[in-house]
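Chains as they are written, first to last, in my numbering: chain A, 1 to 278; chain B, 1 to 471.
A hint or two may mislead.
Stated by the list, open to error - Ranges of calculated distance between the beta carbons of each label pair, as one might list FRET restraints:
id, chain 1, residue 1, chain 2, residue 2, range
1, A, Ala170, B, Ser320, 54 to 62 Å
2, A, Arg150, B, Arg183, 18 to 26 Å
3, B, Gly54, A, Arg230, 18 to 26 Å
4, B, Val378, A, Leu106, 25 to 33 Å
5, A, Leu234, B, Pro311, 38 to 46 Å
6, A, Val163, B, Gly54, 15 to 23 Å
7, A, Glu59, B, Arg404, 41 to 49 Å
8, B, Arg355, A, Ala73, 48 to 56 Å
9, B, Ser320, A, Arg86, 34 to 42 Å
10, A, Leu106, B, Arg404, 14 to 22 Å
11, A, Ser158, B, Arg183, 29 to 37 Å
I should point out that these hints are in silico values taken from the structure, not numbers from a laboratory.
Using N, Cα and C, we set each Cβ at its ideal position, and we do this for glycine too.
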Amino acid sequence: MGSPATPVVPPTRLSVHKFSSCDGCQLALLNLGAGLLRLVDDLQVVHFAELGVVDEDAEADVALVEGSISTLAEVERIARVRARSRYLVAMGACAMSGGIQALRNLADGPAWAAAVYPDAGALGLAPQVSPLAAHVRVDLELAGCPVTSRQVLQAVRSLQRGVVPAVDRAAVCQECKRREVVCVLVTRGLPCLGPVTRTGCDAVCPAFGRDCYACSGPAENAAPEALARRLVALGTPPERVAARLVAIHSRSESFRRGAAVARALVPDGARQQEESAR
Amino acid sequence: MTSTPQPATSGHPSLMARVEGEGRIDLDLRDGRVVAARLAIVEPARLFEKLLEGRHALDVPDLVARICGICPAAYQLTAVQALEQALGVEPDPWAVDLRRLLACGEWIESHCLHLHLLALPDVLGFPDAATMARRHPDEVARGFALQEAGNEIIRLLGGRSVHPVGLTVGGFLAAPRPADVERVAALVAAAVPQALDLVRWAIGLPGGRGAELDVTRVALRADAGYPLGAGGVAVLPAGAGSHDPNVDPEGDRGADPDGGLPPLLDVPAFAARVEERQVPYSTALHASLDGAPYLVGPLARVAVNADRLPPAVTGLLARSGAVLPSTDLMRSLLARAVEVYLALAEALELLTAYRVPRRAAERVPQRPPRRTDGRTAVGFGAIEAPRGLLWHRFELNGDGVVVRARIVPPTSQNQACIAEHLRLVVEALGPHLPPDQLQRHCEAVVRCYDPCISCATHLVRVRLHDLGASG
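Excised from the complex, chain A in its bound form (with noise of 0.2 Å):
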C-alpha cells in the first residue's frame, strides 16, 4: 500500500478490439517485438485477443478500435465497447471512415454480397458500412492505412496521462516539406494525392518515390476538385483520378466533390478522337 503522498495509480487498463478491417493497424502494436513486452509490463492488457487476452466486456481506460462496421453484430458490439470505456480511440481509416469495404454504400450492396456468396442473407451485413463515429463518441482518431506504431504509442502514452493529444491535420505536402522529399507531382507529374491527404504517415509514398494515394484521408482545407482539374491535365484518365480519390476513404464529401469534377473532364486526346470519329 502507498502512503498518502506517494498515491498507488492503478494501471492504465488498455484493450484492443477488432471491427470489419484487415488486421493491420493491430500489426502498429505486435510489431513492436520489444517495446510490447514493455506496454504489457506498464499498461494492464484486458482484451487483446490476437495477442491471448480475451475479455471482450473488459472495462477499459483506454480502447483502442480497428476496423469499420458492417455488420448487425458490429452495431450492438461497438456500442458494448463505448459504455465498458473511457477513452474510445478510432485506429486507422477503416474505424475513421469506413475504410475500403464502404465502397458497397456507392453500389449495390446487396448484390455485391450475393455474387460472392450463395447466401448472402446468412452474412448479416448492416446496410451501410459506416465508421464508428456514426455510431459512438470518438475520443481520438488516428489517420492511416494502417496506423504507425508512433502514432500508437504516442495516443496511448497520452491517454495514459489523461491527455487526449492534437492530431496534425495538416496535408501530406507539409510532411514532404519538412523531410526534404522531392516533390514527385511537380518534377515527374505523378498523380500524387498528397496535397488533399492528411499527413501521418511520414509521407511514406513521395518519400519512397511514388505517388501518394490517399489512404490518410482527406487533410484539412482540402480541395480535391483543383487537384482533380490539374492531374487530368497532366495526363491521368479522368476516370482513374476520379477512382482513387473514391476509395479507401469513399465517404469522405470532399473526396467525392473531387471524383465528380474529375468524371466531368474529358481529355483533350479523347476529346480529339471523339471528334475525328464523327
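We have chain A already, so just place chain B on it with the hints.
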C-alpha cells in the same frame, strides 16, 4: 435429433485467442460429450472481389493489400502476376529477383509472428507470448529479432511493412538505395544463424497429440529452388508421404526431377478442379479439389519440395529422425521455422547480389501497360503466401480496368481440411475428454493451420450446441 442450436450456458463464454480473424469453435454435445466441432468464421464479409471491379489495373496492388495486414505483399505479388499476364507485360529479371526478396521478407515476418505470438504459447503451456517471455526470454527475443528482419526487408522494398507501397504492374515503383540494401543485408546476415538455432529448437518441440491428418497436399513446385513466387501446381495425394526423388527407387533424378509427382498443373487447370462453396456456419468460403479437402501451407510445401530444402536443414532433420515431411499438423511449426531459415538464407543471397538498375526499364517497363486491341483479357497469378497457395484471376477490359476478379486465399482452401480435422479429433477424443479440454485441443489444432480469417480479428469463441440425449 434436436437441431435447434442452443447457446453456451456457461456464465463466461470460452474465447479462443491468438488466431487471425473472427470466428469461434462450435461444439455439439450429446449426453454431455462432444460429438461434433466446427470452426465457424464470423468475420464480416468485405466483398473485395466486387470492389475491385471498375478499378484500373495500376491501382489494384494498393487495394488488394488491404485484404490482409499480415500478408499484404502476398496479395500484391499475386495480383501483379495475374495483371501482367492479362496485359502481356514481362517484368525484367531485376524485378523478379526483388519480388522474390519481398516474398522472403513476408514469410519471415508472418511465420515469426505466428510462431512466437500465436502458436508457441500452446505448445509451451502459456496463455500468451508476454507471459511466455518471462520464462523463455531468449526464445521470444530471438523471435522478435527475426520478425523484425523480415519487416526490414519489406520496408526496404515497400517503404513500410504493412501495406507496402513499392510493387506495381511490370516491376517496382522505386529501386532501393545500395546503402539501405547494405544495412538490411547486415541485419539479415546476423539473423541467419539465429534462424538455424530456431530450427534446432523447433525440432525438439513435441508433435502428435492427435494432430495427424493424411490428406491431399497442394503446393507450387518450381524448376529450381523452393517455390516462393512461381511454378506449377503440384497435387500430392494422401498416403504418398512426401515427394523426394532421392528416396524414390524408380526415380531418375537427372531426367525427371519431379518423378513421383503427378504432372504439374497450370493455374487455370487447377482452378477448374477447385470448387468453392458456402457453408451455413461461416463467412469464409470452403474450397475443395475434385470434391475433397486439400491442405495448403508449410507442411504441403515441404512435402512437395522436400528435395529442395537447403543442406543445412536436411542435415539437422536427418539427425533428428526425419520429423519432416510430416502429416502431423503440429509439425507445421517446425516447417515454418525451416522456411524462416530458408527465406533468410535466400534473402541474404539476393541482397548480396543486388545492384541498382542499369536502365530504368529494368525497374519497370517505361511505357505504361495498356491494351490497345480493345478486347478483354484474362490473367492468372499464383504464389506461395506464408499460409499457402494463393491465386487470383483477373479479367480486364480494353482500357486495363478490372471487369471481374477472383481471389482464393490459402485459409479458404484449408477450411475443409480444418473441418475434417476437427471431425477426426472429436471422433478420437470426444468420448474421453470433457468439453473444455477438448475445446483447448481443437484450438491448438486450428492454430497449427495459422488461419488468416479474413486476415484479421481474432476471436474464436466456443459455442455449445446441446443436442440433448441420444436415442
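Right, here's what the structure says about each hint:
For alanine 170 of chain A and serine 320 of chain B, the hinted distance range of 54 to 62 Å is satisfied, since their beta carbons lie about 57 Å from each other. Checked against the given bound of 18 to 26 Å, the beta carbons of arginine 150 of chain A and arginine 183 of chain B, roughly 20 Å apart, stay inside it. A hinted range of 18 to 26 Å for the beta carbons of glycine 54 of chain B and arginine 230 of chain A is consistent with their spacing of about 23 Å. Remark: the range hint 25 to 33 Å for valine 378 of chain B to leucine 106 of chain A is upheld by a beta-carbon distance near 26 Å.
Taking 38 to 46 Å as the suggested C-beta distance range, the pair leucine 234 of chain A and proline 311 of chain B does not conform, at roughly 54 Å. Separated by about 44 Å at the C-beta atoms, valine 163 of chain A and glycine 54 of chain B break the suggested range of 15 to 23 Å. Checked against the given bound of 41 to 49 Å, the beta carbons of glutamate 59 of chain A and arginine 404 of chain B, roughly 47 Å apart, stay inside it. Our hint of 48 to 56 Å for arginine 355 of chain B and alanine 73 of chain A holds, since their Cβ atoms are close to 53 Å apart.
The given range of 34 to 42 Å is broken by serine 320 of chain B and arginine 86 of chain A, whose C-beta atoms sit roughly 52 Å from each other. Distance hint check: the CB atoms of leucine 106 of chain A and arginine 404 of chain B are about 18 Å apart, consistent with the given range 14 to 22 Å. Roughly 32 Å separates the CB atoms of serine 158 of chain A and arginine 183 of chain B, a value that falls within the hinted 29 to 37 Å.
Hints 5, 6 and 9, counting from the list given before, are not met by this structure.
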